[in-house]
Amino acid sequence: MSELSKLTIAAARDAMRKGDLTSAELTGACLTEAETSGALNAFVHHTPELAMEQAKAADARAGTDAPSLNGVPLGIKDLFCTKGVASQAASKILEGFKPEYESTVTTQLFDAGAVMLGKLNMDEFAMGSSNETSVYGNAVNPWKIDAELTPGGSSGGSAAAVAADLCLGATGTDTGGSIRQPAAFTGITGIKPTYGRVSRWGIVAFASSLDQAGPMTKDVRDAAIMLQAMCGHDPKDSTSADIAVPDFEAALTGDIKGKTIGIPKEYRMDGMPAEIEKLWADGTAMLKDAGAKIVDITLPHTKYALPAYYVIAPAEASSNLARYDGVRFGHRAKLEQGDGITEMYEKTRAEGFGAEVQRRVMVGTYVLSAGFYDAYYNRARKVRALIKRDFEAVFADGVDAILTPATPSAAFELGANFDPIQMYLNDVFTVTVNLAGLPGIAVPAGLDAKGLPLGLQLIGKPWEEAELLNVAYSLERAAGFVAKPAKWW
Amino acid sequence: MSIDTETARRVAKLARIKVEDDALPALAQEFGAILGFIEQLNEVDVDGVEPMTSVTPQRLKRRDDVVTDGSQQEAVLKNAPDAREGFFAVPKVVE
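Those protein sequence lines, which keep their order, are chains A and B.
Everything in the first sequence is counted per the working numbering, starting at 658 for the first residue and increasing by one.
Everything in the second sequence is counted per the working numbering, starting at 4 for the first residue and increasing by one.
Here chain B stands alone, though its shape is the one from the complex (with noise of 0.2 Å):
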């Protein structure tokens, strides 16, 4: 399985990972072997199979709707690299 450096880029911009131009030709014979190694699976008869959801049949739990956590914003802001007036502060994000 061959994957072009058009693809690598393609993969890190989805992944949210800077990766730069140099880098993606390296990248991309990388992602060829694994891929490669994965395309073991269609020697495989998954006919009739269903893809597993949970390892362990159980029935989730349910629990009645409503709050039972909150009013944490100190601890929930202590390790923010950025927090300002009790919020996270980011770059701009619309202009």
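With the rest of the complex left out, here is chain A (with noise of 0.2 Å):
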């Protein structure tokens, strides 16, 4: 039955197709796997009836015609709030919150047939690069070498899951690198569609203007299927994109031959681990067989990308989380006698939100404080128009994508304790991408000499993701990763 997990959503969905697979066989071998997952702690809240509904009415509808989706069970990062389902965004402040509403994009997953497993682990607020301040606790890595490892954040229950085979596809959502370092982290395929290409109407916010939730798959087939359910112009996102939407899979042709591949040259850092170099030189030498143009180009501001996040990250974030204020939904503090409404919230959130949290709602608070806001702000979003034009100015050359390491290191131990800004250099390669509203694709690419997965990164050009998604699937093709963690959980 477990092996049943193990497909991925091309291969289900044609089984399914073809009549040789039910949703309610497959649905069932999920359930059965994420239930008996506890040690990864990657799915916080199981919906089993709420799956078998769902797969049974995938089942009565099944057939050539079938939507694109139909019967496929997933899993959706906590961030997305799921109708009478909990959705807490892995914080207490929000504790027994069950949103009356849907979110767009679940909605449209589930127009597409799809199937909810249940609710999975994440960073609070998608703050973090470990999913180490989750209120659940820990999600862990399936892939482990002697002591236990992060999986990456802040979608780091979908890449557990999506890495140990309990659900077939996952949510996720990326802010600064929240799907890309994850899934590099185990050895998975995940995407961030450009600023604007999904809607954001019912996730959690958190930065608004670089927040962009995108598909955490197997492959990068299975990538392009669940990124085309995904996207789509809502007019309830003002900033969703009213363009028309491409067959993502029918340009999976991998064919990439005169395509201009740009190798940044500030993305290679000083003390970058000598595994991380001669990877992103083989997955250069791969392209360059598949035919493309190799180029060395320049993106001047690339240091300053993680500094200018550090302050309009928080900025927004503080705006954002202004809202949890113990009157409309989540946890409200304990009052004692004579505690006004002053008292209620800032009692309140002091319990609500963790250490992370806390610190950059307040680190936000500062730099839009009255005699800061020029210098820090102002200042962070004017070099966030230069790191703009910085790519704006390469794709002016002819370059089509963009290769670089997806992370500086493989997967770290949980509880190794890094202080913030040492956690923050994490997302020092997808932070980029985010500041400049692009497309990037994480891609697995080679073990390093622990035996632990490691990604490359694709960017490519804005809306540019049907070509994007073709560069990464040349690149899977000839990496030709399969490697799998051994089952330990």
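Just so you know, not all the hints are guaranteed correct.
[What the hints assert, rightly or not] Simulated coverage check for chain A against chain B, where a stretch passes if three residues somewhere in it have a Cβ under 8 Å from a Cβ of chain B:
1) 982–988
2) 992–1003
3) 1009–1018
4) 1040–1052
5) 1073–1083
Please keep in mind that the hints were generated in silico from the structure rather than gathered at the bench.
The C-beta atom is built at its ideal place from N, Cα and C for all residues, glycine as well.
Can you join these two chains into the complex? Each is in its own frame, and there are hints to help.
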């Protein structure tokens, strides 16, 4: 039975269309995997009744003209509001919150026939790179060497669930690397689309000018299929783009002859592990062998991306998280005799937010406060404009996609206890993409000396996810990454 | 960049997060480290650069100024920690 949960979305879809497999069988197999995976702490709310109900409905409409994800069991990151199902962004402050509405992304996935197995662990409010800030406790990487490793963050539960074959695919969100870094740490594929491609409506907001949702899957084809269902214009999100969504799966020809791939010299960091450098060189050679033209490029403001991000993201977070006041939803602190409304706010937020969230809300408050707004917030927004300009110049010179490492290291041990800035450095290769609003994809490309997966990142032009997915598909075929974690959970 | 405990206290107050007095020095130190990291931005020449307002150039869509939603009192109050008689209830605000 457990072999079924190892299927890709494409294989399951094809088998169900032919009548060789029912969603009820497939969903049952995934539910068993999810329920017996407590050691990974990936699923934090299980929804077996809903899943079986959706699976039966999918089987009733099965056939060659069934929708694209008909009967496909997915995990949903806890950041997505799902009607009547706990959605608490891994925070104590949203304890007990059950939305009265469904996010646009999950609505579209369900319209495409998908089945929801449950909600997935993550860093609190998507703030973190190791899934260690979650109120549910750490999610654990299915890849293990002696000690338990982080699956990355913030979409750590999504990455662990897909890598451990608990589900066929999962939703993630990416504000500074939260899809791509965990995908790289667990040997799976994850794409952050162009800002505005996927509706943010019903996704708990962290930094609204950076947040984008995307799929986390077992391969590039599955990413194309699942992204297709997630994309599209939504009048309920004013930043959602009203432009046509191409057929992403049809774009996967694997032919990248004549494409120009840029290699940015600023991503060659001091102290970069030799294994990452080799992986990057190998990936470059693979794309060259596939017929692409390789050019050296420069993105001169790369170094300033992380500091700009750590102004802009906390500033937006401090504003977005002002809504958690103990009045309309979630946790409210117990009050003492004589406490007024200010004490209610202050105690509720002190009890409800974890340390990292408090830190970012306060940093954001500081950079937006009178006297500092220009020096920090406006300066960061100017630097952001320059970072975007770097990419525009490179694309104007004829570059079709950019190849970089996805992360500066393989997955690290849980409890490594980095200081905040060391932890922020995890996003050094991914955060530029959010600041510039571009699509980026992480593809597993090799193993390090200890046998842990390493990923490469491809960055595309705005709205060119189809072309980006095709380059990723070509890289995936050349890299031939098939390693799987040995089951211990 | 060093941040004193008074500044940390003021920021916590602005953010409406209760921080005990004995936690303020550590908080101030953390702020200092993060702001020190951010200070790198001062090296960048930003003369004549407009601060980014929208990452993808697009005109926000307009729609008719009409009510498109509403009459959902029960759903709106469903998750409130304290809802009474169709309202959100909070501690006394005005003496």
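Hints versus structure:
1. 982–988: holds (count 7)
2. 992–1003: Satisfied; 9 residues make the cut.
3. 1009–1018: holds (count 4)
4. 1040–1052: n = 5 at 8 Å, threshold three: holds.
5. 1073–1083: holds (count 4)
The structure fails none of the hints (numbered hints given earlier).
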